[in-house]
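Take these sequences, add in the hints, and give me the full structure.
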Amino acid sequence: MAGTIRYGFGALLMAGLLAAGSIPSRAQERDTKGLPEEAVLDVAEEHTTAVLPEASPHWLYVLDPVFPHLVASKVYVIDGDSMKYLGMLNTGYVPNMALAPDRSEIYVAETYYSRGTRGERVDVVTFYDAKTLEPTGEVELPDGRFLVVPKKPNAVTTPDGRYLLSFNMEPATSVDIVDLEAKRYLGAVEVPGCSLIFPTGDRSFSMLCPDGSLLDVRFDESGAAEIRDNEPFFDSEADPVFEHAVVSTGSGRAFFLSYEGVVYEAALGEGAMRIEGQWSLLTEEDRAEKWRPGGWQLMAYHPSTNRLFVLMHEGDRWTHKEAGEEVWVFDVKAKKRVARVPLEHPAISVSITQDEQPLLFTLSEAASVSVFDGTDFSLRGTIEGVGDSPFLMYVQGE
Amino acid sequence: MQRSSVFDRLTERASRMVAQRTSRRSLLARIGTVIVGGAVLPILPVDRTGRTRKAHAEEFVKTAQTTDPTQCNYWRYCAIDGYMCSCCGGGPSTCPPGTYPSPSSWVGTCINPDDGQAYLIAYRDCCGKDSCGQCACLATEGEMPVYRPQLNNDIVWCFGAPSMVYHCSSAALIGKA
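In the order they appear, the protein sequences are chains G and Z. Just so you know, we're using this note's numbering here: the first sequence kicks off at 1 and counts up by one. Just so you know, we're using this note's numbering here: the second sequence kicks off at 399 and counts up by one.
FYI, nobody ran anything at the bench for these hints, they're computed from the structure. Be a bit skeptical, because a hint or two may be false.
Simulated crosslink set (DMTMM-like; lysine to aspartate or glutamate; CA at most 20 Å straight-line) [unchecked claim]:
id: 1; chain 1: G; residue 1: K290; chain 2: G; residue 2: E265
id: 2; chain 1: G; residue 1: K335; chain 2: G; residue 2: E231
id: 3; chain 1: G; residue 1: K131; chain 2: G; residue 2: D239
id: 4; chain 1: Z; residue 1: K460; chain 2: G; residue 2: D79
id: 5; chain 1: G; residue 1: K321; chain 2: G; residue 2: E365
id: 6; chain 1: Z; residue 1: K460; chain 2: Z; residue 2: D513
id: 7; chain 1: G; residue 1: K131; chain 2: G; residue 2: E170
id: 8; chain 1: G; residue 1: K290; chain 2: Z; residue 2: E457
id: 9; chain 1: G; residue 1: K321; chain 2: G; residue 2: D239
id: 10; chain 1: Z; residue 1: K460; chain 2: G; residue 2: D316
id: 11; chain 1: G; residue 1: K321; chain 2: Z; residue 2: E456
id: 12; chain 1: G; residue 1: K321; chain 2: G; residue 2: E260
id: 13; chain 1: G; residue 1: K321; chain 2: G; residue 2: D286
id: 14; chain 1: Z; residue 1: K574; chain 2: Z; residue 2: E456
id: 15; chain 1: G; residue 1: K74; chain 2: G; residue 2: D286
id: 16; chain 1: G; residue 1: K290; chain 2: Z; residue 2: E456
id: 17; chain 1: G; residue 1: K290; chain 2: G; residue 2: D316
id: 18; chain 1: G; residue 1: K74; chain 2: Z; residue 2: D528
id: 19; chain 1: G; residue 1: K321; chain 2: Z; residue 2: D513
id: 20; chain 1: G; residue 1: K336; chain 2: G; residue 2: E260
id: 21; chain 1: G; residue 1: K183; chain 2: G; residue 2: E221
Printed below as a string of structure tokens:
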């Protein structure tokens, strides 16, 4: 079913309630104590609160920093199959989130001021129950966190879900470690000017450094850390790599993409990342037409079919944040493009669900989410009005 | 391979652990409070060598103007990101009332169409109130990812200001590149 489907949040909820009949929910106890008998009326139905089932691989979590009022941001939870809203989170100032690998929780690293836009600042990691979308606790980050337009590699869980790693730049750089099991702050690893977090194992991660190299960090449960630097693998002056690399810890691989369209393949292992090779997304013909990658969360990876999805536009150098006119699909093994998906709504972010019948999501500059079949790339529909300035998309199992 | 002068990498093999209970934020916050009185703002050291980036600014300057700082094609905005302080009660080097210029900023190079010269521009944010919401502009001439922080425009450049809440973006002139 192609075309644009317009959903207002309220209309969606109403339609769902009326059509679906019963939603898993919890009934609220009616408190009728102290009311005269004639005031207690029979009601036609209970007024309940919905509870989500276990997260489906086809659910989409959209993080919207809400540029018009950055201190009060949002995360929307959308069912990619029905294209309906499932719920949302209220989040703080330029937050970052991560999904628990076992789907039980959602973690939000966020910042608040005691009087909204001023007063005492506090930075926390908030724990949410993934089914009730209620906060269940928080851990304070005593040294703060990196305040920037949200980027995925700012906060990640370790693959085993034991720790949350939160990047900090004050402007000195460090990585804060939160023990998610014990719900406590473990400590910070100071790192020499490198940024962002790319997990390489349950107790290790890599970061990108200004000279074009990776920094490998290993830590243990006492918070002690070991750092190792490496030779540069890209030219950070002539052709830097985008921040939104993709890491697939499940398949032990990672991909970095440069402004000029070079893909660097990395293997994860022994607490480090090892660059194994590189190839270009672009043919001579593509370059002649000035195709280049661009956007925000501009690359996604589907492990079982070994495919990369990249947002592409025609433009000159320094258009690296320009929205993509097309999604290009690449077979990683063959190092070749296998499909081009034109976008009616130019997109800044792209995501592919990690299951065997995947959905492809694109997020447009105009706050719409388009849903495509992830195999034949036919358009299923577009949801308009997904917040104000959504930037990031998360799916289960990444 | 050029190394950033401010964020120079160190080679470390030693174990490092910092299990801090006190905030390290307080030092910069204190610096910010002192500076807000209106004195000359120090900025983080800027590596000017080999960074004129004249070539990168050459696209933007083709459609730039020098008279109206409320428009996104104002010549200094070649790598700006955010709401223009000129539309919020301030100007390219003036913060709106009740907001504070950040002592830190990232630096871009823009060409002035009137004289064809390249100038260094300090993109300092005005901080202390939530988003102004007017005149959103985004240009990315010479802009780099956050691991080159001096050249990135996504960062909330309010380090050292009394507050890290972003209000609007300014474009102060440093000098010729």
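Q: Compare the distance between the alpha carbons of K460(Z) and D513(Z) with 20 Å, and conclude whether the hinted pair is satisfied.
A: The given pair, whose Cα atoms are some 13 Å apart, holds under the 20 Å limit.
(Q) Given the hinted pair K336(G) and E260(G), is their Cα-Cα distance within 20 Å? (A) The given pair, whose Cα atoms are some 16 Å apart, holds under the 20 Å limit.
Q: For the pair supplied as a hint, K460(Z) and D316(G), confirm whether the alpha-carbon distance does not exceed 20 Å.
A: Distance ~14 Å between K460(Z) and D316(G) Cα, so the pair holds.
Q.
Please verify whether K321(G) and D513(Z) have alpha carbons no more than 20 Å apart.
A. violated (29 Å)
Q. Is K321(G) within 20 Å of E456(Z), Cα to Cα?
A. holds (18 Å)
Q. Given the proposed pairing of K74(G) with D528(Z), does the C-alpha separation stay at or below 20 Å?
A. Roughly 16 Å separates the two Cα atoms, so the pair holds.
(Q) So if I understand the rule, the pair passes when the alpha-carbon distance is 20 Å or less; does K335(G) with E231(G) pass? (A) Not satisfied, since the Cα-Cα distance of roughly 25 Å exceeds 20 Å.
Q. Straight-line Cα separation of K321(G) and E365(G) no greater than 20 Å?
A. Holds - the C-alpha atoms of E365(G) and K321(G) are around 11 Å apart, at most 20 Å.
Q) Can the restraint linking K74(G) and D286(G) be considered satisfied, given a maximum Cα separation of 20 Å? A) Violated. K74(G) to D286(G) sits at ~38 Å, over the 20 Å cutoff.
Q. Regarding the pair K183(G) and E221(G), is the alpha-carbon distance no greater than 20 Å?
A. With a Cα-Cα distance of about 13 Å, the restraint between K183(G) and E221(G) holds, given a limit of 20 Å.
Q | Restraint status (C-alpha distance of K290(G) to E457(Z) at most 20 Å) | A | holds (15 Å)
Q. Holds or violated: are the alpha carbons of K321(G) and D239(G) at most 20 Å from each other?
A. Measuring from Cα to Cα gives roughly 15 Å; hence the hint holds.
The structure shown violates the earlier hints numbered 1, 2, 3, 4, 7, 15, 19.
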